[in-house]
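Undergrad: Chains A and B, in that order, are what the protein sequence lines are.
First residue of the first sequence? That's 1 in the numbering used here, and the numbers climb one at a time after it.
First residue of the second sequence? That's 1001 in the numbering used here, and the numbers climb one at a time after it.
All the given hints hold, so there is nothing to weed out.
In the DSS-like style, the derived pairs of lysine-lysine whose C-alpha atoms are separated by at most 30 Å in a straight line are:
no., chain 1, residue 1, chain 2, residue 2
1, B, K1123, A, K87
2, B, K1012, A, K7
3, B, K1055, A, K134
4, B, K1123, A, K82
5, A, K137, A, K26
No wet-lab data here; the hints were simulated from the structure.
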Amino acid sequence: MYQFNYKKVETIREAVNELTANPESKILAGGMTLIPTMKQRLASPEQLIDIRNIEELNFVREESNNIIIGSTTNHFTVSSSKLIKEKIPSLSMLAEGIGDPHVRNMGTIGGAISNNDPTADYPAACLGLGAKIKTTKRELTADEFFISLFETALEEDEIVISISFPIIKSSFYMKFPNPASRYAMAGVFISKNDSDVRVAVTGASENGVFRWFEMEESLSNDWSKSSVEKVKLSPEGIMSDIHGSSEYRANLANIMAIRAFESINE
Amino acid sequence: MSLVELEINGSKVSQDVEERQLLVHFIRDDLNLTGTHVGCDTSQCGACVVHVDGKAVKSCSILAVQANNSKITTIEGLADGENLHPVQEAFRENHGLQCGFCTPGMIMAAVDIINRNSILDEKTVREELEGNLCRCTGYQNIVKSIIAASKKM
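This is chain A alone, in the form it adopts within the complex (with noise of 0.2 Å):
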């Protein structure tokens, strides 16, 4: 690893001031990316401003309709908070499906967006369940927020505060994870909230996580199997690589679409 400077704050304040003061720092949350990454020399910071002790971003609310997650909350806190299971079950079953126990100890929700990888499973939640993200300059849609591969609509000096997901029971996540590093091959996310039906997909896409509108429409007009299984991903612009070529990884995709379908209609 490269040598940094080390920041530990405890308030907003203090993070987005030395954020400022320093544009080549990176915000260190949970670290289970970050700290990897940095190990095989491929990010080089010159300054770590670690997140993890300010008490004001680590919680789980319930506020008009709305889970309110705060942004350095930990996998573990959102698998295991009951507000979540009985309000939102399939985000909390989303949050035991990353990683290990030991990962989920120390990564953030927070984190897990802001990074955007296109394996990751929180960013299929917050597009197929339409989150809304506070930063400390604003408030974006999910669809606003999630750009491309590794990346967002997070200016430099910019930081996640928290992720407001709506009451929405009738919503399932299913992914098929990568034997390895349980990263998802794909992933869907469904949600039905009336008419409303949101399906977003991550792990499949060469531009990361994004809303299957094909798949919205067919349920919208017609909430069945069949509709699902007419619909079918192309593999074009699907990432292609060891672990499984582009027709397999959107052949996986249609096959998560069907079972989380079936999960919620169980």
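Chain A is already provided as a structure; the job is to place chain B on it using the hints.
TA: Below, chain B alone, put in the same frame as chain A:
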């Protein structure tokens, strides 16, 4: 350099460390507690699992400076003098180790699994061991050991 003050296996430690030093290297190289192992460099094997403030974490993916002011337990801190911890005892009785390299991480993970789950079945144990690899593929007896230990704790 940054000053790190923490408690490890009941002993207080205060030492300057390089900011880039990983917790596992601090534990092994600076504190000479070599029971905690490094089995990979991709955060996947779990041989380095220790407890920080009671939670199982991979010490190869955490900086020593992040552990400032924390309480750490490593494999060396489990036994009570000559008396093995129930999980250590169960691994001994059930042949839960072959070469032994993954064992410290397996045992630290196992203690955490048992603490969090009142009832343990084989499926749960296997799912919970997601982050720990055994190159001897001795999972059968590792799972058996953990279930046996859970009944004694």
